[in-house]
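Student: Numbers given in the numbering used here equal positions in the sequence shown, counted from 1, plus 2.
Derived by calculation from the structure, the hints in this document are not laboratory data.
Among these hints, one or two may not hold up.
In the EDC-like style, the derived pairs of lysine to aspartate or glutamate whose C-alpha atoms are separated by at most 16 Å in a straight line are [claimed, not checked]:
#	residue 1	residue 2
1	K74	E41
2	K151	E139
3	K59	E41
4	K31	E4
5	K43	E15
6	K43	D13
Pair ranges (Cβ atoms, derived) [what the hints assert, rightly or not]:
#	residue 1	residue 2	range
7	R79	H165	36 to 46 Å
8	A18	P89	18 to 28 Å
9	Q40	R167	36 to 46 Å
10	Q142	D13	28 to 38 Å
11	D24	K151	24 to 34 Å
12	P89	K59	43 to 53 Å
13	D157	D13	42 to 52 Å
14	N122	A71	17 to 27 Å
Predicted, not measured: the structure shown is a model, and the values here were computed from it.
Cβ atoms here follow ideal geometry from the backbone N, Cα and C, with glycine treated the same way.
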Amino acid sequence: MEQFAKHMYLDHEVGAVIIGKDESFNVPKIIRASSYLQEPKVLFLGTCLDTAYPVGKNRMIVGAGAMVAAVKAITGRMPLILGKPNPLMVEQLLQCGVLKRESTLMVGDTLYTGILFASNCGFQSLFMGTGVSTLKEVRQICNDEGHSKVDMIPDTYLPSLGHLREFLC
């Protein structure tokens, strides 16, 4: 890897490093991204903070957030996250009236992205127990004396999306 880093070509016209879900993410890509980010003018953008996604019982795949975290750890640079939990992606929809805060329900299965996104946008939140986060984590946050993570407490909980049917019919 040291030889790769020493001899890799860096295009001086690159103005941003954008990290999203990449099934072929690897050490050479981390080295290249980290090298570009040594230049302060190069933007560091990430698509979301989801570090993992469940794909079955006891099975997880790496999410974009883990890839962003790897480059952040090496460079010390803070990325601008364009997706959840940043409300930037829905601001235009709110401004033109396509979405209304008071009548929008965000359904999410991860506290630090989906549920935090709902809070950041002023939406109600429904937490599903089918993802990375657990109801136990919600209870821990509720019992936290400092309330530092209060924005990750959902308004409502259901064990799975299938349970929503009884409330809609």
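Student: Each hint needs a verdict: does it hold in this structure or not?
Tutor: These are the hints, each one checked on the structure:
| no. | hint | result |
| --- | --- | --- |
| 1 | K74 with E41 | holds (14 Å) |
| 2 | K151 with E139 | holds (11 Å) |
| 3 | K59 with E41 | violated (42 Å) |
| 4 | K31 with E4 | holds (13 Å) |
| 5 | K43 with E15 | holds (11 Å) |
| 6 | K43 with D13 | holds (14 Å) |
| 7 | R79 with H165: 36 to 46 Å | holds (41 Å) |
| 8 | A18 with P89: 18 to 28 Å | holds (21 Å) |
| 9 | Q40 with R167: 36 to 46 Å | violated (52 Å) |
| 10 | Q142 with D13: 28 to 38 Å | violated (46 Å) |
| 11 | D24 with K151: 24 to 34 Å | holds (29 Å) |
| 12 | P89 with K59: 43 to 53 Å | violated (33 Å) |
| 13 | D157 with D13: 42 to 52 Å | holds (47 Å) |
| 14 | N122 with A71: 17 to 27 Å | holds (20 Å) |
Violated hints, listed in ascending order, are 3, 9, 10 and 12; each of the other numbered hints is respected by the structure.
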